[in-house]
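Enquirer: Please build the complete structure, drawing on both the sequences and the hints.
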Amino acid sequence: RNGELVVPAPEKPVPQGAAKGDYVTKTQPFSDLSFRPKKDLTGADMWGATMFDQLVCRVIFHQLRYEGIFTPPSEQGTLVFPGNLGMFEWGGISVDPNRQVAIANPMALPFVSKLIPRGPGNPMEPPKDAKGSGTESGVQPQYGVPY
Numbered sequence: 003r004n005g006e007l008v009v010p011a012p013e014k015p016v017p018q019g020a021a022k023g024d025y026v027t028k029t030q031p032f033s034d035l036s037f038r039p040k041k042d043l044t045g046a047d048m049w050g051a052t053m054f055d056q057l058v059c060r061v062i063f064h065q066l067r068y069e070g071i072f073t074p075p076s077e078q079g080t081l082v083f084p085g086n087l088g089m090f091e092w093g094g095i096s097v098d099p100n101r102q103v104a105i106a107n108p109m110a111l112p113f114v115s116k117l118i119p120r121g122p123g124n125p126m127e128p129p130k131d132a133k134g135s136g137t138e139s140g141v142q143p144q145y146g147v148p149y
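If you read the sequence shown in the numbering used here, its first letter stands for residue 3, the second for the next number, and so on.
Heads up, some of the hints might be wrong.
What the hints assert, rightly or not - Only pairs whose alpha carbons sit at most 16 angstroms apart, straight line, appear in this in silico EDC-like list of lysine to aspartate or glutamate: (1) Lys22 / Glu77; (2) Lys14 / Glu69; (3) Lys14 / Asp42; (4) Lys28 / Glu69.
What the hints assert, rightly or not - Pair ranges (Cβ atoms, derived): (5) Cys59 / Pro128: 35 to 43 angstroms; (6) Gly50 / Glu6: 45 to 53 angstroms; (7) Leu35 / Pro99: 16 to 24 angstroms; (8) Gln78 / Lys41: 17 to 25 angstroms; (9) Glu13 / Thr52: 38 to 46 angstroms; (10) Gln78 / Leu35: 29 to 37 angstroms; (11) Val9 / Met109: 18 to 26 angstroms.
It should be emphasised that the hints constitute simulated quantities derived from the structure, not laboratory data.
No experiment lies behind these values; they were computed from the predicted model shown.
Beta carbons: idealized from backbone N, C-alpha and C, even for Gly.
Expert: Structure representation (structure tokens):
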């Protein structure tokens, strides 16, 4: 509550190469208390129900940009691992205060993030007659940014 770190979080170098108009920091804090996967993904980690599925997953993996955690988004497509569900999103966490035990189901699902440049069908600003609350599900445009 005084601003001091509870556990160390040293700054470490992270992948560079921001998309045009974006920026990234050279380092990010990495908490010593983490459930994040210990190693980056490789093509050999790709899985499929059949050997054909596995082959397709490996091909897609090698087509994406992936240099480990904090790889910046790209027009090429970037593998984000762990993905945007976080480590304890869906499964949640259960706590037994009497025994002071927390039980959690960490999950590290990879996702693909792809920047789509603005163009005729992807305007920078919303149409003047746009309707909607902004809470609709599905793809949500990010107005005011170049992608």
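Enquirer: Can the suggested window of 45 to 53 angstroms be confirmed for the beta-carbon pair Gly50 and Glu6?
Expert: 47 angstroms, holds
Enquirer: Take the C-alpha atoms of Lys14 and Asp42, compute the straight-line distance between them, and say whether it is at most 16 angstroms.
Expert: 15 angstroms, holds
Enquirer: At the C-beta level, are Gln78 and Leu35 separated by a distance inside 29 to 37 angstroms?
Expert: 33 angstroms Cβ-Cβ, so the 29 to 37 angstroms window holds.
Enquirer: Can the restraint linking Lys28 and Glu69 be considered satisfied, given a maximum Cα separation of 16 angstroms?
Expert: Given that 16 angstroms is the threshold and the Cα spacing comes to 14 angstroms, the pair holds.
Enquirer: Between the alpha carbons of Lys22 and Glu77, is the straight-line distance 16 angstroms or under?
Expert: Satisfied, since the Cα-Cα distance of roughly 10 angstroms is no more than 16 angstroms.
Enquirer: Is 35 to 43 angstroms respected by the C-beta to C-beta distance linking Cys59 and Pro128?
Expert: Once the Cβ atoms are compared, 37 angstroms apart, the range 35 to 43 angstroms for Pro128 and Cys59 holds.
Enquirer: So the hint says 38 to 46 angstroms: do the beta-carbon atoms of Glu13 and Thr52 match that?
Expert: Given range 38 to 46 angstroms: holds, Cβ gap about 43 angstroms.
Enquirer: Just tell me: holds or violated, for the beta carbon distance of Val9 and Met109 against 18 to 26 angstroms?
Expert: Holds, since Val9 and Met109 (Cβ atoms, about 22 angstroms apart) stay within the stated range.
Enquirer: Between Leu35 and Pro99, is the Cβ distance one that fits in 16 to 24 angstroms?
Expert: 20 angstroms Cβ-Cβ, so the 16 to 24 angstroms window holds.
Enquirer: Run the distance test for Lys14 versus Glu69: straight-line Cα separation, threshold 16 angstroms.
Expert: Holds. Lys14 to Glu69 sits at ~14 angstroms (cutoff 16 angstroms).
Enquirer: Given the range 17 to 25 angstroms, decide if the beta-carbon distance of Gln78 to Lys41 lies inside it.
Expert: Holds: the Cβ-Cβ distance is about 23 angstroms, inside 17 to 25 angstroms.
In this structure, every one of the numbered hints holds.
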